[in-house]
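Undergrad: Residue strings, one per chain:
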Amino acid sequence: MTQENETAVMTQESGAAPDGAEFEGENLLEVNNLKMYFPVNSRGVIPRHVADVKAVDDISFFVRRGETLGVVGESGCGKTTVGRCIMQVYKVTDGEVVFEGVDLTKLSPGRMRRMRRRLQMIFQDPYSSLNPRMTAGSIIGEPIRIHNMARGRGEYMEQVEELLRVVGLNPYMRDRYPHEFSGGQRQRIGIARALAVRPSLIICDEPVSALDVSIQAQVINLLEELQEQFDLTYIFIAHDLSVVRHISDRVAVMYLGKVVEIATREELYENPLHPYTRALLSAVPIPDPLVERQRERIVLTGDVPSPIRPPSGCRFHTRCPIAIDMCSEEDPEFRNVGGDHWVACHRV
Amino acid sequence: MATETGQPVLEIKDLVTRFYTADGVVKAVDGVSYNVREGEIVGVVGESGSGKSVTALSVMRLIPPPGGRIEQGEALLDGEDMLKMSNERVLEVRGAKIAMIFQEPMTSLNPVLTIGRQLTEALETHLEMNRAAAATRAGELLEMVGIPDGRNRLNDYPHQFSGGMRQRVMIAMGLSCEPRLLIADEPTTALDVTIQAQILELMQRLNQELGTAVIIITHNLGVVARYAHWINVMYAGRIVESGPAETIFKNPRHPYTIGLLASVPRLDEPRRAKLEPIEGMPPDLMNLPGGCSFRPRCPFAIDRCAEEYPPFEPVDGSIDHMKACWVDVTTAGMHAAGSAN
Ligand SMILES: Nc1ncnc2c1ncn2[C@@H]1O[C@H](COP(=O)(O)OP(=O)(O)OP(=O)(O)O)[C@@H](O)[C@H]1O
Ligand SMILES: Nc1ncnc2c1ncn2[C@@H]1O[C@H](COP(=O)(O)OP(=O)(O)OP(=O)(O)O)[C@@H](O)[C@H]1O
Ligand code: SF4
Ligand SMILES: [Mg+2]
Ligand SMILES: [Mg+2]
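Line order of the protein sequences matches chains A and B. The numbering of the first sequence is this note's numbering, which starts it at 1 and goes up by one. The numbering of the second sequence is this note's numbering, which starts it at 1 and goes up by one.
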């Protein structure tokens, strides 16, 4: 069993912030001017820093307590990196990650370790994210042990069995190994593990993308039920815009390390303002041939540019169907256009 | 639109393919039959592991020995049975008359050969072009699949291309000899939404302009709705429903198809409070239940479903729309899945 000194001071009550009183603010999380650059080094005997992958480049958003913020965008636009920066997996290049009123980027490793219990992440791949040599029970129980959240063996077993039930698995499955479960069941184990430490924020990174269409709906319904039951806040990363619309209260659209638009669900899908959001929405085929025949599509040309040398000005200008000269010169400001709607485009 | 009168390019008849593994026998394809006609786009959808890829790989004669065996059936390409051809003849036909695009582009391009060389090789062997002519044609092909300045990128290696570009190179290779039939296996899952759209549009254009018949294998019901004329729905190694695209979407009659369509959220419809999943787990091909494989998850099942596999029969006497299900869902009652044990 893992034992750490810091864990001795852990509070036992559920829901309480480990470093002080219950957090009262409206915004559970605020990300301010976040930058995450990964250095690219030259090959050779003495590697030199030659460039940066600007995976996340100056983005700001907030997440309200109890809501689901969807994050969409093409492969490589920085969605997972944002999630990892919030979790403090990386030392961020610049910016703030204010969670329950505390800037996580400034915490000492010890305090961060205690804080980590409050934020959890669920991963895309239910096949590789579970340790194949651990039973389902010990996978789910590991964070309970690390954070000393159970008094004694009996309480520990009770908690593990309760978690299995909560995610719709049978308590007797606790002694099985990951390979004895289906993809959907493995994803449930990952969810149970995240819930074990009673977090307030869960970052779901493509939690259903690897699952069969017929199983996706099971997991989405489960996430929604748990949100209500445990008062959870979600950041839901996905590339399937239909799924994101279903689960999110607000949606952020990313392109090449930037957030280009954020709006409430209704607003984003009914009144998308950024040309990239529009193209993305029109690229989603609808499962109905009659509807499809009537639909107008915006097919973007060209490839997604490299985040090492992003285009000047607006990063979307190389593929934008309505770009003007100014777009290649000036980076459009991310500004509020009324209510909860934010967009970065010169032509809006 | 569907060319109902087109000649069949490919006729798959009663195909059975199995894998003999240490753990048991995987009944990957268990009696699959379908046709693809000239100028037609056929969509194959279904649960992961239902045999969509293995059916296509069997037709291409790419089932890995010794475990994998095509045990029965025919795959007639313009009347000639792929499954009985000599290995030499298979190599001639592959690339020239039938081509397949695979799920992961990086694994299918040779990393140590230039893009140009990989394209010209096929042209030189199958079309007996000389080097110069092949190079010119290769450049044209790259531009045709939307690689800007393709002529000048023939000397690049695969790693210098993005995932979407590599996928387009695969399509260019697939098309280089103007095959009669193009099989695209999940041509898009590894790709960005907007790049997916580009590639599917390209395949549709080729279908319309050159009359190339296409099989699209995918999980995405939207993709088949947008592009396919005809749809085959697979579950546990068999086709459970088949028909023209509009019919399958408007009047699905197999409980699995109905469940699949109901379980996906749609952008064009008001948001539902709750999704309706198909309950239960995907089937285990080594231990299929007796009778209908979908029975453990089926809300319409009756006693008979556990006893006999339902025949694949016309729906309402239609010649096009077929399903394999004992129950007429339009009159049957629904109950909790699996209760007809
Ligand atoms: N540890 C790392 N070192 C260097 N580059 C990285 C690292 N992690 C991510 N990147 C780069 O940062 C960019 C953003 O990657 P990220 O994984 O955040 O994208 P994503 O939006 O999650 O994409 P996907 O939808 O494919 O998961 C990519 O160009 C990626 O190659
Ligand atoms: N080389 C192999 N050895 C053993 N079993 C195999 C092999 N290839 C495929 N299978 C099995 O055959 C079955 C059918 O696989 P297939 O790849 O056709 O599924 P699919 O319908 O294409 O699924 P997906 O949508 O996930 O691609 C699966 O159960 C798979 O595990
Ligand atoms: S700012 Fe210009 S280039 Fe960028 S999206 Fe708007 S119109 Fe297009
Ligand atoms: Mg990611
Ligand atoms: Mg497959």
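Think of the hints as simulated: they come from the structure by calculation, not from any bench. Note that the Cβ used here is the ideal one computed from N, Cα and C, for glycine as well. Fair warning: there could be bad hints in the mix.
Label-pair distances were calculated between CB atoms; the ranges are [claimed, not checked]:
id: 1; chain 1: B; residue 1: Pro311; chain 2: A; residue 2: Pro311; range: 54 to 62 Å
id: 2; chain 1: A; residue 1: Lys91; chain 2: B; residue 2: Asn287; range: 16 to 24 Å
id: 3; chain 1: B; residue 1: Gly6; chain 2: A; residue 2: Asn336; range: 54 to 62 Å
To spell it out: a stretch of chain A is covered by chain B in this simulated footprint if at least three of its residues, at any positions, have a beta carbon under 8 Å from a beta carbon of chain B; those stretches are [what the hints assert, rightly or not]:
id: 4; segment: 26-40
id: 5; segment: 97-110
id: 6; segment: 140-154
id: 7; segment: 162-174
id: 8; segment: 321-335
Undergrad: Against this structure, judge whether each hint is valid.
TA: How the hints compare with the structure:
1. B/Pro311 x A/Pro311: 54 to 62 Å: 59 Å, holds
2. A/Lys91 x B/Asn287: 16 to 24 Å: 49 Å, violated
3. B/Gly6 x A/Asn336: 54 to 62 Å: 56 Å, holds
4. 26-40: With 0 residues in contact (Cβ-Cβ under 8 Å with chain B), the coverage given for the segment 26-40 of chain A is violated.
5. 97-110: violated (count 0)
6. 140-154: violated (count 0)
7. 162-174: violated (count 0)
8. 321-335: violated (count 0)
Checked against the numbered hints above, the structure breaks hints 2, 4, 5, 6, 7 and 8 and satisfies the rest.
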